[in-house]
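With chain A's structure known, arrange chain B on it following the hints.
Protein chains in written order, with the working numbering: chain A, 996 to 1371; chain B, 28 to 350.
Watch out, some of these pointers could steer you wrong.
[To be verified] Some chain B residues judged to face chain A by a derived CB distance under 8 Å, without partners named:
1) L232
2) G248
3) H249
4) L334
5) L344
Simulated from the structure, these hints should not be mistaken for laboratory data. In this text, a Cβ means the ideal position worked out from N, Cα and C, and glycines have one as well.
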Amino acid sequence: MELDEFKLAVDVWLDAHAGELAHSFEGIGTLDEQMAQLGKVRRLTYDAGFMRMGWPERVGGLGGSNLLRAYLGEVLTARDIVEPGIYSLPEVLAPTMIDYAPQALAAEMVPRLLRGEEIWCQGFSEPGTGSNLASLACRATRDGDTWRIDGQKVWTSLAQYAQRCVLLTRTGTTESAHKGITALFIDMDSPGITVRPIETMHGAQEFCEVFFDGVVVPLDRVLGQMDHGWSIAMDLLPYERSTALWHRASYLQRRLEQLVAAAPAGSLDPVAVGQATELLWSFRARSRATQRRLAAGETLGAETSIDKVLVATAEQAVFDLVAEGLGTDVVLGDDPVSQRWRAEFLYSRAATIYGGSAEIQRNIIARRLLDLGADR
Amino acid sequence: MEATERVLFESGVRHATETTDGAALDSALDDLGWRDALEADRPAAVSVLFESQGATTTTSAALDRLLATALGADAVGAGVAGVAVVLPALRRSDVPGRLDGDWCVVEGLGSAALDRSDTALVVAGTPDGAATFAVDLGLLTRRPVLGLDPALGLFEVMGEFETAWAAQPRAADWPAALALGQLALGHELVGAGRTMLELARTHALERVQFGRPIASFQAIGHRLAESLVALEAADALLDATWDDPSPVTAAMAKAFAGRSTRAVARHCQQVLAGIGFTTEHPLHRSIRRTIVLDQLLGAGSVLTRTLGAEILSSATLPAAFPL
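Chain A with its partners taken away, still in its complex shape (with noise of 0.2 Å):
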């Protein structure tokens, strides 16, 4: 299907769904009934073919251009559907097992994820493991048929949600760095694993402590090949700026909308708002570049960290005006919906720390992109 045919469509099947896909909280909701919402929405768009579309048939999908789920994930985060964040994580997740799991895997599961009948959450983080993904500690040891875990996780969004894990291990020496890493897909009802959510300043327990103690998974769970879960990882990670970063584009640009239309008169600064608009805009477009060379067959690297540093920089200037222009809404306000623009004003302070930290998508770019040898 194409895209604009596609576009029409979708268009024609939410406006007529409008009810039955719209969330029933008021504000934010809890992260309960976001999840709740999420699974819905999930549930309905894969019936109805949509949520299928731009994946491919061996895992359940309907084929065609990636193109068409960055429309989707556009459109219902532009009607208020769902939250980008936790919508997105797909985007980053199924690509990985489509390429590295072995394929009667794939086939089984990744339509669990696209259906909503199932979340699954990603183990990078550690808490001696941020900026440095290499120094990772979590250990899996050969034990006969299985592999054997110890060790913990961090950061790991959705984990009290999450049926599956796709997990970084240290299969090597502590030494052999990015060179000792195994990537494996745990059930996360497994013995051994427990589960804490850490509350955030934003008031959500999106993210998660998780810790491993004699976790048994089976020898063929392995993504990719021993040892090789590195190149798995920075495979992925610019799967995480690209799809799922047009999604937040869309959702930046609602709120910004919204902004503009709440705002009290006078309460912004007219160059501010055309700077952030500015700069939304060319976020947008680099995005679309980037969906474009996507759909072309391009593979993504190090160039989407351009990508990452736009959207952090774009999301922080628009909730820099949200402060300013609801400035009495964000600090003293109470009812649903001031507190929605709170969190996500809050949230939006993380936009330079998660996903690769400013710092670090800089290096990336000063190293890969303009070759300026290693930093120190």
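Just chain B now, kept in the frame of chain A:
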């Protein structure tokens, strides 16, 4: 333009801007068929030439030709080839001509091509919009500007003429012509920025302090990374704006290119430090060009403020280009 055709065109244009300047560059562009390319594939013709021109800090009559085409020079009997277009005064984006009874009062700028032309196109506001007048350049006075960027060869253009002396005027779509000119200058700014970044990058790799190239310091690497982000963002917005250039989106893209490239100038000048502050190093040429281009056809800061004010008064955002 086909991909291979575009590569050839691009390398031809780049070579022309690297080896010629001014009138010689105009001839080289004629030989390359730049004006045919402008008809066939306007985004490619404009982006390729103006980015190259910005990268090499050269000048040509291309902006005049682009504007003259958009203003219907042929219809007022001027012919696009030999005509100069009077540009708005510095920092402004409104028309340079003002009608006063039977007279047209002109206050604006001219490009270096003014010296190679006999006829000037002057756009003046009319009750229904704007009209293009083709007048003998001898009727206007011009002052060669040295100023901040002498190599740009600008003129200040002033004077007044009786409208009856000009050829029959033609209704002008000034906003549409301005939008094309702003996109061209946006690409020229990005070109200037790419040259500054390359100069700073080369310096950072060669300059050794504390026993190692300064490129290995994060403080340097991050400034250069910031510069690349700024240029790629500006370039992406310009490219997307070509989908459907409107006065609002073109002004945005131009203002953003100006702001981005000025940030690049700041970072690169800091990285190039002492040598970059001398005239023995070429950086100063690109910095001068950047500052002036940012203020031609509407100063970036003014365009951005206008955009913001318009958003606030209408409580709506500009149209966003679709996926």
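Structure-based check of all given hints:
1. Contact between L232/B and chain A, as hinted, is supported at the beta carbon level, the nearest pair being about 7 Å apart and thus within 8 Å.
2. Taking 8 Å as the C-beta contact cut-off toward chain A, the hint placing G248/B at the interface holds, the least distance being around 3 Å.
3. Annotation: H249/B was flagged as interfacial toward chain A, and the flag holds, the nearest CB pair being 5 Å apart, inside 8 Å.
4. Residue-level restraint check for L334/B holds (minimum Cβ-Cβ distance to chain A is 4 Å; threshold 8 Å).
5. The interface hint given for L344/B is met, as the beta carbon of that residue sits about 5 Å from the closest beta carbon of chain A, less than 8 Å.
Every hint, counting from the list given before, is met by this structure.
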